[in-house]
Amino acid sequence: VFSIGGDAALGGAKAKKANRFKPVVRFIGPFEMSAGQSKTHTIKMPNYVGSVRAMVVAANAETGAYGSVEKTVPVKTPLMVLASLPRKITPGEKVVLPVTVFAMKSSVKNASVEVKATPNISIIGPSRQNVTFTNPDEKMVYFNLGVTKATGIGKITVTAKSGNEVSRYEVEIDVMNPNPVTQTFQDIIIGPNQTKALSWQTFGENASAKATLEVSSFPTIDLNRRLDYLIQYPHGCVEQTTSAAFPQLYLSDVMDIEPARQQQSQRYIKAAIQRIGGFQQSNGGISYWPGGAYADDWGTTYAGHFMIEAEKKGYVIPIGFKQKWINFQKKASGQWRLEKESGNDQAQAYRLYSLALAGSPDLASMNRLRETAAISNEAKLRLAAAYALVKQTDAARALFAKSNLDTYEPHYYYYGSMERNRAMELETLLLLSQQKQAFQTAVKLAKELSSNKWMSTQTTAFGLYAMSKFAQANGKGGVQVNMTQAGKMTGLTSKKAILSRKLGVVNGKNGISLKNKSNGSIYVRIVNSGILPVGQELSEQRNLRVASTFKDAKGQVISVSKIRQGTEFTAEVSVTNESREFLSNMALTQILPSGFEIVNTRYTDYGDATDNNVDYIDIRDDRANYYFWMKPGETRVFKMKLNASYPGLYYMPGVQCEAMYDNSYLARNTGQWVEVLR
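In my numbering, the protein residues as written are 203 to 880.
Treat the hints loosely; a few may be bogus.
[Claimed, not checked] Here are the computed distance ranges between Cβ atoms for each label pair:
#1 Thr837 - Ile355: 25 to 35 Å
#2 Pro382 - Gln403: 30 to 40 Å
#3 Gln403 - Asp596: 29 to 39 Å
#4 Lys646 - Val227: 55 to 65 Å
#5 Asp389 - Leu565: 45 to 55 Å
#6 Ser723 - Thr872: 57 to 67 Å
#7 Arg766 - Thr361: 28 to 38 Å
#8 Thr350 - Ser761: 26 to 36 Å
#9 Ser454 - Lys246: 41 to 51 Å
[Unchecked claim] Computed list of lysine-lysine pairs in DSSO-like fashion (alpha-carbon distance at most 30 Å, straight line):
#10 Lys515 - Lys711
#11 Lys532 - Lys515
#12 Lys514 - Lys542
#13 Lys515 - Lys671
#14 Lys296 - Lys307
#15 Lys241 - Lys278
#16 Lys307 - Lys224
No lab work stands behind these hints: they were computed from the structure. For each residue, glycine too, the CB sits at the ideal point set by N, CA and C.
Could you build the full structure based on these sequences and the hints that come with them?
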């Protein structure tokens, strides 16, 4: 619920979340009754406060008679208790737990209320309180809770007792750190029969510390770290959804991984397939965001490319998706006309490549594009790959010989980069069986992937995709090492090009020793990851500026460092483009403190009060994401109506704005502590 970009659908790849609202559903029967007969059924209810609807359906198949009746029934006992908490809390926060005690009968006079919690939640002050009733009534008591450094699912149990009457209420809550995962890495090369040691220091919150070993028979491509970046990426347009799943199609082909991780990857791919199916329009095109009015040119081809490859890997794609997509692509390729200023020749070449890959090539359009004067180098590379797929090798080689990546010109609408296009070049070389050139290109690409250089989701996915293809064709040597950790030796052997294992870690210093038992050198990388404590994020501005203000109902600026429970106010975030460039595919993320709730005005009479001119908006329980474009020098203001709902002391993370495909545009401000007073 709290991760954004629609990846709630990707449940197999995400951690388990707290189950706050357990449904009350009981089904009994069927039973037979004679005419005029009455029967009584006793149903044991779970711990539940409220009403249920009892429904009875009757049928006589012989006479064709059917009927139904329903009744709303309150669920109550003489003594009942109910507690309320935010949907999530953050380590270091303090929460006031309000508990409502209901005396439903006059026999309930005195009641004791006790609170217990799991170790990641501490009780500050008394854990037990007493309440007195003179008549059937309800009363409130409050308990103070603290959140420890441990994350995960916390559980709070509230028990009320009065004589023989006992009522118990349990509530689960996610204890989560909103900071992203931070990763560091180190590399070594180990020759045959050599032994080398590596050590690293854990960082961040204790429970978040992890380490992964990656051993490869060729220069490392940083598969684990780059793949984690794609999976954890917080936005979910069609390009990003596709990019997160695409390299995982080949994960088990090139990397020896644990069975649990392989199953997780398969679940992720299946969920991505279903999600991409939801982007498809009735005409077969694919929109950039769900429900979009127009098909995205590059996104349609890219998502279709993934779906074709997934189908070849044995995954089931939605019924009718492929044929509708082919029809759309063929219509688009037939109607294409060159627009040099937008570089749409590259999009056309990729479209033709995808049709050839799907087994439905448009040869007439391929020939027309080949004869078009002055098409870009990127278009030549993709078109050469298309000709290679249809076995017209001479045409493919002639086009490839005319291309030169060193004269690359970026086309923003197609998410390009030098590294992304180099990955496309590598795939073309593999299709043309140019092994020597493919190796040279793979070495260059591996160097970029293994560096600390920022890459977009598109570049990362295409790079891993192409290198996986290369590893399948060239990484047959396998790896064999002996690993010693904490005095225990483990033999690791794989026939695949890359071997990956999760390492056990302790807080502080860790280390392993590796002996290379392979015939050739091996390339080793340790990826060390952790989540930094809240409040340690850094303010940063690159060609963008962000600022946050809060206003009351009268439009007056207010402070939220201390604010009364129940106060409704508006958060305004201003974003300024300080460059002379037009910016598209911008993302603004605003994460709320646990004690605040978003007032969804989209379905109320106050919708205009927070009307934002955006391409897409994604509102979740604890955050909002805005996706938009900006003119040179423009300032845009985004508004969100909030309510201070839960008393306590909470951390409000800083606001972040970024160009999703250009890391030179980024702005982030620091967070602050806020207190909701009751």
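Checked hints:
1. Between Thr837 and Ile355 the CB atoms are about 41 Å apart, so this pair departs from the stated range of 25 to 35 Å.
2. A hinted range of 30 to 40 Å is violated for the C-beta pair Pro382 and Gln403, which are about 20 Å apart.
3. In this structure, Gln403 and Asp596 break the distance hint of 29 to 39 Å, their C-beta atoms being roughly 57 Å apart.
4. At about 58 Å, the beta-carbon gap between Lys646 and Val227 stays in the expected band of 55 to 65 Å.
5. Separation of Asp389 from Leu565 is about 46 Å and conforms to the stated range, judged on CB atoms against 45 to 55 Å.
6. In this structure the hint that Ser723 and Thr872 lie 57 to 67 Å apart at CB is violated, the actual value being about 45 Å.
7. Remark: the range hint 28 to 38 Å for Arg766 to Thr361 is upheld by a beta-carbon distance near 30 Å.
8. Here the CB-CB span from Thr350 to Ser761 is close to 29 Å, well matched to the stated 26 to 36 Å.
9. Roughly 46 Å separates the CB atoms of Ser454 and Lys246, a value that falls within the hinted 41 to 51 Å.
10. A hinted pair counts as satisfied when its Cα atoms are at most 30 Å apart, and Lys515 with Lys711 does not qualify at roughly 42 Å.
11. For the given pair, Lys532 sits about 24 Å from Lys515 by alpha-carbon distance, which is consistent with the 30 Å threshold.
12. Taking the CA atoms of Lys514 and Lys542, the gap is near 35 Å; set against the 30 Å cutoff, the hint is violated.
13. Between Lys515 and Lys671 the CA atoms are separated by roughly 13 Å; this keeps the pair inside 30 Å, and the hint holds.
14. Proposed proximity of Lys296 and Lys307 is contradicted: the alpha carbons are some 35 Å apart, above 30 Å.
15. Straight-line distance between C-alpha atoms of Lys241 and Lys278 comes to about 23 Å, which keeps the hinted pair within the 30 Å bound.
16. Between Lys307 and Lys224, the direct Cα distance comes to roughly 27 Å. Compliance with the 30 Å bound is thereby established for this hinted pair.
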